[in-house]
Each structure stands twice: as structure tokens, then as C-alpha cells.
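Trainee: When we follow our numbering, the leftmost residue of the sequence shown carries the number 32, and every step to the right adds one.
Derived by calculation from the structure, the hints in this document are not laboratory data.
Using 27 Å as the maximum straight-line C-alpha spacing, the simulated BS3-like pairs for lysine-lysine come out as follows:
1. K92 - K76
2. K197 - K279
3. K312 - K134
4. K310 - K197
5. K132 - K317
6. K284 - K248
7. K132 - K316
Values in this document were obtained by computation on a predicted structure and should not be read as measured data.
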Amino acid sequence: MTILDSKQKLLILLFATICILILNCAGHQSKSINNDNEFSSIIEKGKLFWDQRSDTNAIKKAQHFIGSAYNQKPDDYDLALLYGKILYTNGLFHEKNNKNKTKLFFDGATICRNAIFNHPDFHTIYQNTKGDSSFRILSTIIEAPKSLIPGLFWWANNLSSYLNLKPVLERINNRELIEVILHRIISLEPSFYYSGAYRLFGSFYTRIPGIELSQSKNYFDQAINLNAEYFGNYVNYAEFYYQKAGNKELFNKILTNVINLDPSTYPDIMPENVLYQEKAKNLLKKESSLFE
Numbered sequence: 032m033t034i035l036d037s038k039q040k041l042l043i044l045l046f047a048t049i050c051i052l053i054l055n056c057a058g059h060q061s062k063s064i065n066n067d068n069e070f071s072s073i074i075e076k077g078k079l080f081w082d083q084r085s086d087t088n089a090i091k092k093a094q095h096f097i098g099s100a101y102n103q104k105p106d107d108y109d110l111a112l113l114y115g116k117i118l119y120t121n122g123l124f125h126e127k128n129n130k131n132k133t134k135l136f137f138d139g140a141t142i143c144r145n146a147i148f149n150h151p152d153f154h155t156i157y158q159n160t161k162g163d164s165s166f167r168i169l170s171t172i173i174e175a176p177k178s179l180i181p182g183l184f185w186w187a188n189n190l191s192s193y194l195n196l197k198p199v200l201e202r203i204n205n206r207e208l209i210e211v212i213l214h215r216i217i218s219l220e221p222s223f224y225y226s227g228a229y230r231l232f233g234s235f236y237t238r239i240p241g242i243e244l245s246q247s248k249n250y251f252d253q254a255i256n257l258n259a260e261y262f263g264n265y266v267n268y269a270e271f272y273y274q275k276a277g278n279k280e281l282f283n284k285i286l287t288n289v290i291n292l293d294p295s296t297y298p299d300i301m302p303e304n305v306l307y308q309e310k311a312k313n314l315l316k317k318e319s320s321l322f323e
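Take these sequences, add in the hints, and give me the full structure.
Mentor: In C-alpha cells form, the structure reads like this:
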């Protein structure tokens, strides 16, 4: 009887556990439905903090709220890209630890890549393309419509920043993907995100061995010619090209000029320009070590 009682108790315990799990699942489903009613409120809070992204605490709160919304609706293309932008901004301007930076950029790249892959415009082209998966992905990007440009840019922006923190072999292995994405953006919308594709090319080509440094300069010049109002085009020029070229004088001159500019002149991009001014100051503080 003792053995039987033990078995019965075990069965009862298992049954009770299953019931609790079922009730918990039902509770979570109800919570998810309730959260749907609060969904727009969560996004609104996240966007309010995103508008204050030059502040470190605000960007963390934006990441929290938009991340929570994204976890509920990971197939929302625009929401995924906003989350990718927030992770990128936090990684580039606010996070100091390289390990944490790497994770932010990796997560941002993954989220934006998935947003692209799940987009019906991408899926349609991909399904009609023959070959192995890598060939089909690159071929689809080459034919990508304008609707995919934001996703492609934030994928490439996060990915290239992630690769800058990794060994050179990883940059070489991903070179073709980055190039195909950026060429497609330039062919359809060259000024997208203040000449972001030109800016990325200029930065990325200083980190790939065997490429003439003049190619980097040409891309940065095009970025500045198209969007001189965006401070990031100058700061990246100094950080990547002039540092690589060993031109300390122009490195200093460009960054000093950026610091002396008035970011309020361009209200739409004031948060980014303020952040790039801070980045310029930090680069000048490290000037001696960068040109040893």
C-alpha cells in the first residue's frame, strides 16, 4: 500500500502540475491580449524617450519600451527597424564596454536582417530565385525594391559596426554582403539617411586590407557633398579615413570644426548631431594615442 500510495501521490502531483501550467498559460494569453490594448501606449513611451536619445538614460528607456513592443510583434517591419536603430545608437554613442557594444550591434543586425527576410517584398523575389541560400539572398538584395531600403541600411549599419569590433577575417568574409547591400541602396536612394551608404562605404573600406585608401576618401567626399548638414559624415571621415591616412592635422581640424558647429541649425537631426559632437570631443581626447 505504501508503494501504491507513493505512486498515486506522484500521479496526483503530476496532474496538479499540469493543471497549474495550463492555468499559467491561460493567464499569459490573457495578459498578452491585455497588453495588445496597451501596445500603442508602450510604443508612444518608447518614441518619447527615443526623441531624447542624446541622453544615456533616455536611450536605455527607449530600448526597454520598444524592445518590449518588438517582443510582442516581432513581425512588425517598422517596429523592428526602430528597435534596430535604438540598439545601434546605444552601441555607438552610449555603451562604453566593447563586449556590450558588440552584442548591441549583433542584436541590431539580426533584428533588421530578420525584418528584411520576413518582408513580403523580399520573400516574393527570394522564392522566385534559384540557387543555394547565399546566392538567393544576394540576388534578392540586388533586386530589392525601395520598400526594403530602410531595413537594408540598418542591417548593414549594425553589421558593419559589429564587424569593426571583430577580427579582420570576419570583415573579409562579410565584405560581399555589405557591398551588395550598399550598392543597392545607392542605386535606389543615394541620400538615404544622410548619405548613409556612402558613409558606410567610406568607413568600411578603411578596415578591409588590400583596398586603395582613396576609395574611402571618394565615398566620404560624396557623403559630404550630398549631406553636409549631417555631422556624422565629418566625424567618420576623421575617425576612419584621416586616422588611417595618418593625417593628424586634418583629423584635428575636422573634429574641431564639428565641435564649433551649432546643432540646432538642423532641428530634425539635432539629437544625432549633438551625439556626434560628443564623439568628436572624445576622439580629440584620444588623439595622441590614435596617432602613436
